[in-house]
Every structure is written in structure tokens, then in C-alpha cells.
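Start from the sequences and build out the full structure, keeping to the hints where you can.
The residues making up each chain are set out below.
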Amino acid sequence: MELFSHHLLSVILFTPLVGALLLLFVPRESSLLHKLVGNLFGVLGFLVSLPLMVHFPAGSGEYEFREAADWIPSIGARYALGVDGISMLLVMLTTFLGMLAIASSWGAIQQRTKEYYILLLLLQTGMIGVFVSLDFFLFYVFWEVMLVPMYFLIGVWGSDRRLYAAIKFFLYTLAGSVLMLLAILALYFNTAKATGIQTFDIPTLLAAVQNTQYSAVFSESLKAWLFWGFFFAFAIKVPMFPFHTWLPDAHTEAPTAGSVILAGVLLKMGTYGFLRFSLPLLPAGPALRWKIIDVLIVLSLVGIVYGAIVCLMQKDMKRLVAYSSVSHLGFCTLGIFALTPLGLSGSVLQQINHGISTGALFLIVGVLYERRHTRLISEFGGLATPMPNFAAIYLIISLSSLGMPLLNGFIGEFTILQGAFVVSKAWAAWATLGIVLGAAYLLWLYQRTMFGPVTHEVNKTLPDMNLREYAVLLPLVAMAFWIGIYPKPFFAYIEKPVQRIVQQVNPTFYQSAASSRLRQIKEVKEVEEVKDEEKIAGEAARSR
Amino acid sequence: MPSFLQTIFNYINGDGITVLPEMELLLIAIGILIFDFLLEKKEKHWSAGVALFGVAMSAGGLFQQAKRFNAEHTFRPQVPAVFGFQSTIIIDGFSLLFGAIFLAATALVILLSVRYLEIEREQEGEFYSLLLLACTGMMFMASGSDLIVLFLGLETMTLSLYVLSGYLRREKRSNEAALKYMLLGGFSSGILAYGFSLLYGLTASTNLWEIGNRLDVRAQIVANRGMTDWIVVLAFVTVAAGLFFKVAAVPFHQWAPDVYEGAPTPIAAYVSVGSKTASFALLVRLFIWVFGGSQPAWQYLIAGVAVASLTWGNLAALTQNNIKRLLAYSSISHVGYILLGLVAANETAVTGILYYLIAYAFMTIGAFAVVTVLRQRGLIGDELVDLDGLYQRSPSAAVLMLIFMLSLAGIPPTAGFMGKYFIFLSLIETHHPALAIFAVLYIVPALYYYFRVVLHAWLTKPGEAPAPAMSSAQAVALGITLFVTLAAGLYPEPFTRLARYAFGQ
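Residue numbers (numbering that gives the first Met the number 0), protein chains in the order written: chain A, 0 to 543; chain B, 0 to 504.
Note that these hints are calculated values from the structure, not bench results.
To be clear about the criterion: a stretch of chain B counts as covered by chain A if any three or more of its residues have a C-beta under 8 Å from a C-beta of chain A, and this derived list gives those stretches: (1) 420-428; (2) 432-439; (3) 447-458; (4) 489-496.
Just so you know, even glycine gets a beta-carbon here, dropped at the ideal spot from N, CA and C.
Rendered as C-alpha cells:
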């Protein structure tokens with residue numbers, strides 16, 4: 000039990016890896032055994048992560064479940080893990096979606112099953128590692144390592160243009176990451192110069208950047224350079240508007256489980272990076288800071304609207320869902336760079352929501368693809384007749400994705416808009432355009448594929464969902480309802496870390512809020528005093 | 000008689016220890032030539048065993064040297080070296096570490112060659128003898144402290160390698176490789192010798208330390224007069240050009256792809272690793288010790304060559320269809336990264352150069368080893384298409400190839416990443432952000448061509464090529480290279496210490 004109480008994060012991190020290593024020793028022919036072991040470790044990975052959520056101290060804004068051990072003492076790199084409320088939720092999302100993605104592959108993947116499950120489990124470890132690392136060196140290792148299994152997942156089990164999509168994904172992401180490596184090294188070197196300590200410890204490094212004592216080393220321009228160094232890695236991963244071109248290819252060509260993980264978790268690594276690393280690097284001076292913020296907000300807004308418009312003209316269902324990610328992730332970055340508590344917490348929640356809704360949409364496309372081996376919208380039509388239960392689930396997921404109240408998407412988008420509105424009404428207005436367009440493309444897609452008469456003869460006899468597909472999709476539907484109806488527990492985890500970030504990054508927000516509250520209190524007091532005087536005067540008059 | 004033996008032992012324990020590993024190699028190399036006569040045609044592979052024994056003996060000698068060095072180092076910490084053989088040999092962490100790399104590379108190449116030569120029907124003792132001779136030369140290049148010793152070491156190495164690259168007498172490409180290598184190599188040796196003679200003319204000494212001191216004095220005088228010392232510049236440029244030839248840096252790289260392609264694959268690995276590492280040992284020794292004072296002046300020349308090597312190496316590799324040629328261009332780009340370390344030239348940089356060379360040695364031999372394994376009767380196996388479907392034919396070979404390619408590209412957690420890490424860090428520390436950005440972005444095209452290899456091995460349907468068969472010696476070599484490539488990436492601490500030890504840190 001000591002293992003679980005003191006090394007919970009290590010257990011979560013390495014459970015999938017153990018599964019992958021075990022699979023190495025399973026003979027290549029016994030495909031059923033691969034599936035069983037793969038699924039077992041998918042479920043196990045989720046189960047061992049549950050204590051994380053249960054035992055997470057409520058109302059903590061600090062890193063919890065910390066672990067640390069020396070790794071490369073001569074350069075100051077450590078094996079350091081820890082999660083705060085934000086990364087805890089992202090870890091949960093990873094293990095949850097990972098489990099479902101593995102389960103969804105049971106029927107879809109028939110060849111090279113051994114390697115498939117090994118790679119999925121390796122990917123799982125890589126992604127969890129990114130969210131739990133508290134050491135930049137370790138973080139970078141996980142960040143890069145994860146690319147390799149994804150490359151193979153797309154390249155081996157993808158559809159027609161898989162080779163192109165796989166290498167494009169790898170090269171794009173790598174181009175961003177190597178610049179981030181330089182930024183990490185510059186951060187490391189300058190912190191060592193300022194404090195004399197050689198360390199890759201993330202909280203220490205980020206605190207050093209913000210410490211006004213070291214402003215001689217961390218000048219405004221250096222901060223801006225560091226910010227842009229990290230920016231490309233995260234912007235490509237998210238992906239922000241001009242860096243998004245790898246995404247439609249990778250998402251479309253990847254096998255269903257790959258798309259679910261790409262959209263559900265991989266993209267969150269970008270937003271997580273923005274939140275955790277880019278925000279503290281923002282220059283403090285208003286001139287430079289607002290220049291940067293303006294660029295990022297404009298890119299986010301363009302992403303939201305552009306992504307949605309491109310969705311409207313897609314012929315391929317999967318490509319449509321892929322482009323919808325560009326639009327939805329634009330909301331997340333908008334929330335982050337609004338630098339308000341509401342924007343940030345909405346953004347975190349929206350990241351979870353996007354993982355659930357878009358993950359489910361990819362699974363839905365996967366369900367159709369398994370039946371018809373095509374993803375063209377024109378090949379479907381009137382599917383609600385042969386597949387009524389499928390139609391119901393699909394509808395719920397579509398509504399959740401487009402932001403229908405009582406479903407998860409609404410809560411996230413609404414909170415982000417609130418957060419953005421406080422800063423600028425124009426931002427919120429443009430983003431709202433994205434929501435309207437989102438409703439348009441999702442509902443139009445639903446209408447074209449599900450409603451009306453059955454347009455193709457083959458579609459008339461399509462079987463409805465089977466048990467396995469229910470097992471994969473229903474948990475997602477349940478989550479969509481849970482977050483949509485009762486998001487409070489989720490916000491409770493997010494609130495404190497977000498508060499800490501805003502206090503660090505945008506202290507003026509709280510100061511102005513506090514001062515205005517102070518003013519209100521003063522006014523109330525003055526009014527009461529006046530009333531008291533009147534009262535006294537009145538009583539005096541009466542007694543006379 | 001006992002007194003005679005006693006004299007020898009005394010000598011070996013005294014001054015002779017400074018050349019002990021080299022002498023052991025030399026004796027065994029000659030021994031193999033005699034021993035080879037006694038063997039039947041089918042028993043020729045025993046020569047390989049003797050050669051391995053020689054490497055082990057030499058490693059023992061190196062160990063003795065290390066003990067002596069460590070003892071003297073604690074005794075007189077201000078002089079971090081042992082001089083011997085009339086001050087022409089220096090034993091320090093640098094020579095010890097490089098000696099160990101050369102011996103390891105030689106042992107790995109011997110392990111790879113046995114089966115390869117059997118397939119080529121060229122199993123002869125001379126091959127192993129020449130390998131040991133080349134290794135002797137390399138070790139002198141790292142431990143020499145005198146221009147003549149260094150030059151002789153260099154020539155011993157290159158002459159052996161000329162013969163070895165033309166070892167497949169019936170193969171046209173091999174003959175072409177040997178001839179090209181010899182002509183261009185001889186030319187570059189001439190330039191280097193010219194530079195050495197200028198240095199001797201300037202300082203009237205062949206001892207590196209004397210040269211270094213006298214050049215510093217001279218620089219002082221010339222600087223006071225406000226002039227440029229063009230003869231020293233000429234000496235530097237000729238020495239540098241000669242060495243750039245040997246390490247295959249752009250624009251002196253043209254021989255590399257042809258030699259790699261034509262030479263027997265284990266020898267291509269040996270040229271790529273042994274000769275390059277040895278030339279870097281010489282280059283670092285000369286540039287840091289002899290020309291170290293004028294680093295701010297020559298760093299621009301090095302930076303230019305490094306950038307050119309990175310650019311040309313990476314871009315030319317993109318279109319190669321032969322794995323050995325591809326690896327040749329990739330090795331040119333690695334030279335670029337290592338040279339960038341000389342531009343930074345601080346503590347991190349020298350650690351990085353050494354780390355990079357260790358990583359480079361093992362991952363490159365590993366990659367060549369996989370190509371060697373592909374060579375079978377009736378299949379040369381060095382074209383990219385020969386790799387097609389390697390995964391289905393031999394999963395372990397495909398996994399090995401993947402790991403070596405990742406390491407060559409510099410993806411963590413592999414040895415190649417750590418090497419690049421130190422180089423990039425040193426560039427940032429010395430305020431060369433533009434060079435750092437430039438160098439780091441070249442990882443992207445590099446990954447593209449390394450992954451062309453992976454693509455053929457993993458994502459393409461197998462052709463008609465049979466499953467490659469690995470001999471147990473080759474498996475051992477692959478195992479060692481794999482272990483170091485992963486260990487130096489996952490747990491770099493001991494390797495970092497080794498690299499720092501080499502510079503007495």
C-alpha cells in the first residue's frame with residue numbers, strides 16, 4: 000500500500016508501460032491475448048488513477064502527490080512528479096479516454112495487434128508523463144517520446160494517405176518542440192546565472208522568472224524571447240490558427256483510437272503548456288504584454304471562426320470533426336489569454352469537455368466507418384431509421400459539442416465567454432459567432448447523415464450499435480451530462496490553481512477587483528453612518 | 000635472463016607504460032600475420048579471436064595507465080597529465096577516454112566483420128591485423144603530444160584504412176572507394192603536414208606545449224605592434240583544412256559518401272566512427288591546446304564550416320537512396336554539431352563534444368551493424384528498398400534500426416539527444432542564439448531522412464528479400480551498441496562524468 004500512498008503518480012505513469020512490456024512477451028499470433036492484455040491495462044490504468052481524484056485535497060492550489068528522486072545530478076535534472084487540480088483533471092482525462100480508446104479498437108484493428116496495443120500503451124505513458132512532470136528535462140523527454148508511438152499508429156493503421164500524414168505530424172510537432180528545447184535551456188541557464196542553482200525544477204524556474212529580484216537577468220525582452228520559444232511548440236500542438244495544417248491530415252488518417260487520443264489528449268498538451276509555462280513567461284510591462292496578448296487573442300478568434308467555416312464545407316465526416324477541433328481549441332486559448340479567473344477555469348473545463356465530446360464524435364465516425372468503410376457524408380443519409388439508438392447518442396454528443404445547456408460544452412464555453420467579456424466585449428462577440436457556426440455545421444452534418452429517407456440501399460440494413468460500442472460511448476454520454484448538470488466538483492479542483500496563476504500573472508486583476516469592492520464597502524458604510532445620524536436625530540426629535 | 004625480464008618489467012612499469020596499449024596492439028597485429036599462416040582456410044576466423052584478445056590486452060594496458068594517471072593526479076593535482084617517451088606522449092583523461100572509445104569501436108567492428116567477410120569470401124588474417132594497426136594509429140593521435148608522433152599516428156591509421164576500404168578486391172565500388180580515399184586522403188595529409196611544418200618553422204619546436212607557449216608569446220608581440228600575424232593564420236588554416244578533410248566537414252567532405260558506399264560495411268562504420276573520432280581528438284587537442292589563445296578569432300571560421308556541414312549534410316541526405324550514403328551525409332551533419340561545440344568552447348561545450356563523440360560512436364556503429372546484418376549471399380542490402388518490410392522479416396533488426404535512427408536524429412531518451420543537449424546548452428551559455436536556433440531546426444529535416452529508413456523498415460510491405468540472419472558475434476555487437484545508446488540517454492550521469500573526466504574536471 001505504501002507504493003500507492005507515496006508513489007501514486009509513478010504507479011499511474013508506469014502502469015501502461017508495464018502492460019506494454021508484458022505484451023512484448025506475448026507471441027505474435029495470439030491476437031485475442033493482445034486485446035485482452037491491452038484492455039486489461041487500459042482499465043487498470045484508469046482504476047489506479049481514480050485514487051488521485053478521490054484523495055486530491057479539496058481547495059488545494061499547490062502541487063500534490065509530489066515525488067522526487069535524483070536523475071542526472073551533474074546537470075540538475077530530477078525525476079520529479081506532482082499534480083495540481085488542473086493537471087490532475089488532465090491525467091484523469093488521459094486515463095479515461097485511453098481506456099475507451101483501447102476498448103474501441105477491439106473490432107477495428109485486426110492486423111499487427113501486438114504492436115498496436117504496445118504503442119497505445121506507450122503513448123499513454125508518454126502523455127501522462129507530460130502532465131505530471133515537475134522537471135523540465137523530464138517533461139521534454141515525455142513530450143518527444145510520445146511522438147514516436149503516434150507516428151506509428153498513424154503510419155501503420157491509418158487510412159490511405161497515412162504515410163504522408165504520419166511524417167507531417169511528426170515533423171510539424173518536432174519543429175515546435177526543438178525551439179522549446181532551446182527556450183528550456185535558456186530558462187535553465189539564466190536561472191542558474193541569477194540564482195546560482197542549476198535546476199530544471201519547473202516551479203523554481205518559473206518563480207525565478209517572475210521574481211523581481213532577478214529582473215536584471217530576466218529582462219522584458221528575454222522574457223518575450225522565452226515566451227515565443229515556448230509558443231511555437233504549444234501553438235503547433237493546440238493547434239492555433241496558422242499552425243493547424245497538420246491536424247486535419249493526422250486526425251483524418253489516424254485509426255479511430257488514434258484520433259480519439261489525438262483530439263482528446265494530445266491537443267490538450269498544447270493548452271496545458273500555454274497555461275502552465277507560457278503565462279508565467281509573459282513580460283510584466285503592459286506595452287509588450289498587451290502586444291503579445293493581442294496577437295494571441297486574434298489568432299484564437301481567427302481559429303474559432305475559420306475552423307468553423309471550414310467545417311461547413313467538408314465532405315468527409317472525420318475531417319469535419321477534425322476541423323471542429325481547431326474551432327473549439329480556439330475557445331480554450333481565448334480563455335487562457337483573457338487572463339481572468341473565469342476565462343482560465345472555463346478553458347480548463349472546456350479542455351476536458353472537448354476531450355469528451357470530440358473523442359465521442361470520433362468514436363461515432365468510427366462506428367459508421369466500421370460498418371461502411373467510408374467516411375464521406377454523401378454516402379450516408381437517413382441513418383436514424385436503421386440505427387435509432389445510435390442516432391440518439393449521436394444527437395446528444397452533437398449537442399454537447401455545440402454547447403447546448405445542460406450538457407458539458409455549454410458550461411465551458413459560457414464560462415470562457417464570461418471571462419473574455421470582462422476584458423473585451425468584442426472578443427466575446429467574435430467568439431459567439433463561432434458558437435453559432437458550430438451549431439450550424441454540427442446540426443447540418445447530423446441532418447445530412449441521420450434524417451430523411453435512407454439514400455443508399457446498403458445503409459438500410461446497417462446494424463445498430465453493439466454492446467461494445469455502448470460500453471465505449473455511454474460513459475462519455477454520462478460524463479457529458481454530469482459536467483453539464485453539476486460542474487461544481489470540477490470547478491472546485493480548478494479554482495485554486497487558476498487563482499494562483501492569475502495572482503502570479505495578472506495581479507492587477509485582483510487588485511482592481513479588491514479595490515472596487517473596498518470602495519463599495521466604504522460607500523455602504525457611509526450610507527449606514529448617514530442613516531444612523533438621521534436615526535439619532537429622529538429619535539432626539541421624538542424625545543423632544 | 001631474469002635480469003632481462005626484470006628490465007622489461009621495470010621499463011613497462013616506468014616510462015614504457017605510456018605506450019603500453021599501443022605496443023600491445025602492434026605486437027598482436029604482427030602476431031596475427033604469422034598466426035594466420037598456421038590456419039586452414041576454414042579456420043581463418045580464429046584470427047578475429049586473436050584480434051579481440053589483442054584489444055582486451057590493450058584495454059588492460061589502458062587500465063594500467065588510468066591507475067597511474069589517477070595516482071599522479073592526486074599526487075600533483077596542478078599537473079593533470081603524465082608525460083613519457085621523451086615527452087612525446089601525454090597520458091591524461093582525454094587520451095584515456097579516447098583510447099577506450101577506439102578500442103571499443105575496434106572490438107565492435109571485429110565482431111561485425113567475421114560473418115561479413117565469410118559472405119564476401121575474403122576471410123583473411125590481414126584484415127584484423129590492419130584493423131589493430133589502424134587502432135594503434137588512432138591511439139597515438141589521442142595521446143601524442145608531439146607533431147611528429149601525431150602525424151605518424153594519423154598516417155598509420157589512414158594507410159591501414161585505405162587498404163581496408165579496398166579490401167573487397169572483386170568489388171568495383173570497393174576499389175573505387177580505396178582509390179578516392181587514398182588520393183584525397185593523401186592530399187589532405189600533405190596540407191596538414193604543410194601546416195605542421197609552418198608551426199615548426201614558427202616556433203622551432205615539435206612539442207605541442209612549447210608551440211602553444213611560443214605562439215602565445217608571439218601573439219603578444221604582434222598584438223602590441225597592432226599587426227596581423229598572417230603566417231600563424233596560414234598555419235592555422237592549413238592545419239584546419241587538413242583536419243576538416245579527415246573529419247569530413249564541408250567543403251572537404253566529398254570523399255565520404257563514396258568511401259562509405261564502396262568500403263565493406265564494417266569498415267565504413269570504422270571509417271565513420273574510428274577515423275572521425277580520432278581526427279576530432281587531434282583537432283580538439285590542437286585547437287584547444289595549441290591555438291586555444293586565439294579562439295575568439297578562429298571561432299568564426301569554425302562556425303562557418305559547422306553551418307556549411309549542417310546545411311549540406313542534412314540537405315544532401317534527404318535524397319539518398321543508399322543507406323550507407325545516407326549515413327555518410329548524416330555523419331557530415333554530425334560533424335557540424337560537434338564543431339559548434341568548438342565555437343562555444345566552454346566547459347559545457349567540451350563535455351558536449353566528448354559526450355557527442357561517445358554517443359556518435361555507438362549509435363553509428365549500431366546503424367551500420369544493422370546494415371551489415373542485411374548483407375547476405377546474393378543480396379548487398381544497402382539500398383533503402385532492401386530494408387522494405389524489415390519489420391516482418393526480422394522484428395528485432397527493425398526495432399534496433401528504429402532506436403539507432405531516433406538516436407541519430409536526437410530524439411530523447413537516447414544518447415544522441417544528450418550529445419545535442421550539451422552542444423545547444425553551450426551555445427546558449429556563450430550567447431550564440433542564432434547558431435543555436437539554426438542548429439536545432441536542422442533536427443527536423445534530419446528526422447525526415449532518418450525516418451525514411453524507418454519508413455522502409457516498418458511501413459512498407461516486404462519484397463522478396465529473405466529474413467536476415469544474425470551471427471552471435473553480430474548480436475553481441477548490436478547488443479552493446481544498443482545498450483550504450485539507450486543507457487547514455489536514460490541514465491546519462493556516468494557518461495557525463497566520463498566526459499568531464501576527460502577534461503580533468
